[in-house]
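Produce the entire structure from the sequences given, and follow the hints as far as they go.
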Amino acid sequence: MMKFGKNRKSWAIILAILCSFSVLTACSGGTSGGPAGTASTNETNGKSEDGKVVLNYWTWWGSETRRPIVEKLVDDFNKSQDKIIVKHSYYPFSDIFTKELAAVSAGNPPDIMMNDINTVQQRASKKQAINLSKYVEQSKVKDRFFPELWNTVLYQGEPYALPFNTDTRMMFYNKDDFKAAGLDPEKFPTTWEELDKVAAKLDKKDGDKYTHIGYSPQFNSDWNLLQLNFDQGRNFFDENGKPVVNAPAKAEAMQYILDNAKRLGQSNIDAFKADFGSKQANPFIAGKVSIWTDVTNFYTQIRDYGQNLNFGVAPLPENKPDSGHYSVGGGFVIEIPYGSKHPDEAFEFLKYMTDVQAQTYWAQKNFDNVANKEASNNPELQKNPVYKASVDNLAVTKMTPNPLFAPDYINLINPQRDAIMLGEKSVQDGLNQAQADVEKLISNNK
Amino acid sequence: MARTAASSQGSSLRRREAWQGYVFASPWIVGFLLFTAGPLLFSLYASFTNYDITSRMDWIGMQNYDTMFNHDPLFWKSLRNTLYFVVISVPLQTAGGLLLAVILNRKVAGIRLFRTVFYLPSILSGVGVYVLWMMLLSPSAGLVNLMLSWVGIDGPAWLTDPAWTKNAVILMKIWGAGGMMLLYLASLQSVPQQLYEAAELDGAGKLRKFWHVTLPMITPVIFFEIVTGMIGGFQIFQEGYVMGYNNDPGAPMNSLLFYNLHMFLKAFKVFDMGYAMAMAWFLFLIVLVLTLINLTLSKFWVHYEGGER
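Taken in order, these protein sequences are the chains called A and B.
Using UniProt numbering, the letters of the first sequence correspond one by one to residues 1 to 446.
Using UniProt numbering, the letters of the second sequence correspond one by one to residues 1 to 309.
Fair warning: there could be bad hints in the mix.
Keeping only pairs whose Cα atoms sit at most 30 Å apart, straight-line, the calculated DSS-like set for lysine-lysine is [stated by the list, open to error]:
| hint | chain 1 | residue 1 | chain 2 | residue 2 |
| --- | --- | --- | --- | --- |
| 1 | B | 209 | A | 446 |
| 2 | B | 206 | A | 273 |
| 3 | A | 398 | B | 269 |
| 4 | A | 201 | A | 175 |
| 5 | B | 269 | A | 242 |
| 6 | B | 206 | A | 440 |
Residues from chain B shown here face chain A by an in silico Cβ test under 8 Å; the list is partial [unchecked claim]:
| hint | residue |
| --- | --- |
| 7 | 49 |
| 8 | 156 |
| 9 | 160 |
Distance windows between CB atoms, simulated [claimed, not checked]:
| hint | chain 1 | residue 1 | chain 2 | residue 2 | range |
| --- | --- | --- | --- | --- | --- |
| 10 | A | 92 | B | 132 | 19 to 29 Å |
| 11 | A | 405 | B | 36 | 48 to 58 Å |
| 12 | A | 92 | B | 36 | 53 to 63 Å |
| 13 | B | 80 | A | 193 | 34 to 44 Å |
Please keep in mind that the hints were generated in silico from the structure rather than gathered at the bench.
Glycine is no exception: its CB is placed at the ideal position from the N, C-alpha and C atoms.
This is the structure in structure tokens:
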């Protein structure tokens, strides 16, 4: 009996210690899940049975709408020549980047990968993607891209990816609401100050509850967008890479959002925001909000769910007359992961994917802005006024690539933004703190 | 003479049996060395380097640990968040699970149905549950605040007010206490009936019986639940990643930035893997020390049937 008790106790100790090991190994359990794609493995050493080079191409575009478009382009490429076969594999967005990272570090990466446009430099500096300068010089593809997008793929002056698609944020507004409020539906306010006056005329109240809100900068947008617009297109770093988080214009942008929240009541804004999310309940499409900030791809939702919605689209307002209608864009690039066995062939596919034909097809089917200038200016596409406006807006759209010396700076800024929005800190205190935190991060990384 | 021969024969038999035992255990041992111990030691080494998975692994001594303790404000924030969560949620979950088990340990009609109902939440997991709770916890339209309003309480903005976000997660976790309930239920039913009878003969009432018979008899299970619950609590991650306000991990104001979430963001968003490994080892130390403290303290309150002391 005695012995039994002792054993049981020592087992408890061993068990407890083993359990605590799981602290260190837990991560490995979390990222399982096989490929959802159809890449078959009947090739050896990257060659198919008939001697063609087989390339693996990874994207996260598995939805009913996007996947057929991705695969149509792959199909067309495979048929257009007889040396290369591209195989598309789809992995969920939540998994694909860690999967690729693991594949690169194991020396067995896909040959072609879609990736985030704001982190190209990080991947280049960490040898996760290959240097394309040799190919780019030979093929002279550089000039087909918008310069702002081209800049995002450069690391130490050399390209490590090709821009694929992009987006830009604009103002969608309900023309019928404008008319009903006695406003000119063809004239969207040009400054933020004007916008606030216009918005106030569009509000509708029942008692002290809003049934309709003209505009709030917190609807599908926030200070991270407005600060760049107010600060003449400058993001959180100046041209020398010095953080400028507490610049006066950024504080003005914050104050603008706070003033709007004060006028409407933060709880009213929150109640509206609680309804956001599903497509049918989009407050702009449902007519609960008159002015809505979104990427221009939002047009497809209006087209599909908002029958008879009489809407217009306009650039973001500007801080002062002629200070600029700046907006923020994102997007994706296509690149060759480090360690690919067939970079020459992979670049052929990159070239094809960023050429006029594929880019035009992508733009027509997805209504995305694409990186290729000529495709963007395709006359068929430009017939759509929203598409035309979106391409025009690219001229004032800034990319915000993560700087190498502080790639996760935004995790230090967002909490201070939240603290200011919640009234726990003054605008200046919060932004000064964010500025100090980012400076500290930079010095840590040195 | 004969005696020594027999004993040496006995020890060679023992040795052979021990050897056979290791052979039978060898698949596990090989797996442990290759897939657990190997990576463990690797991560210990890498925590002293600037390892970024793909391009470098240079020895930088204690620099990661120095950054962690002295220069990274988010490290302390995430540690505080995690400690808060563990300190509040583990006792609540343990007590909640026990209470449920005691309530459900009755012979009334339909008890199986109730047991199933209360157990169900613990097998539902993942993002779906978080999304469900995000709807339940919505400040104006959510069911939780609606029910609070029936008793005259103006519910908080659970997931947007940084003072309440962790409590919201703790509340959600208690909902899943049914998993613990199952273990308690099993151990409650294995308490020998004669102990209760003996206590009754001595004139013990219901509460006394619970306090002096039931509770001591199930302390091994409570102990087990506390130790594993604590270890699990320190690993909280997904909740902060998924339930962050506006889809920002850990938002608002990093109130949901848990230790493992911070580690994940460092490892996989900015590829600071060496730093993340240093964080993992520090967490391991914390958990190891707390577990050893738990084991020491257990002498004073955990009752093992068979009476080892």
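Each hint, compared with the structure:
no.: 1; hint: B/209 to A/446; result: 65 Å, violated
no.: 2; hint: B/206 to A/273; result: 52 Å, violated
no.: 3; hint: A/398 to B/269; result: 22 Å, holds
no.: 4; hint: A/201 to A/175; result: 13 Å, holds
no.: 5; hint: B/269 to A/242; result: 22 Å, holds
no.: 6; hint: B/206 to A/440; result: 61 Å, violated
no.: 7; hint: 49; result: 14 Å, violated
no.: 8; hint: 156; result: 12 Å, violated
no.: 9; hint: 160; result: 7 Å, holds
no.: 10; hint: A/92 to B/132: 19 to 29 Å; result: 20 Å, holds
no.: 11; hint: A/405 to B/36: 48 to 58 Å; result: 36 Å, violated
no.: 12; hint: A/92 to B/36: 53 to 63 Å; result: 27 Å, violated
no.: 13; hint: B/80 to A/193: 34 to 44 Å; result: 42 Å, holds
The structure fails hints 1, 2, 6, 7, 8, 11 and 12 (numbered hints given earlier, in ascending order).
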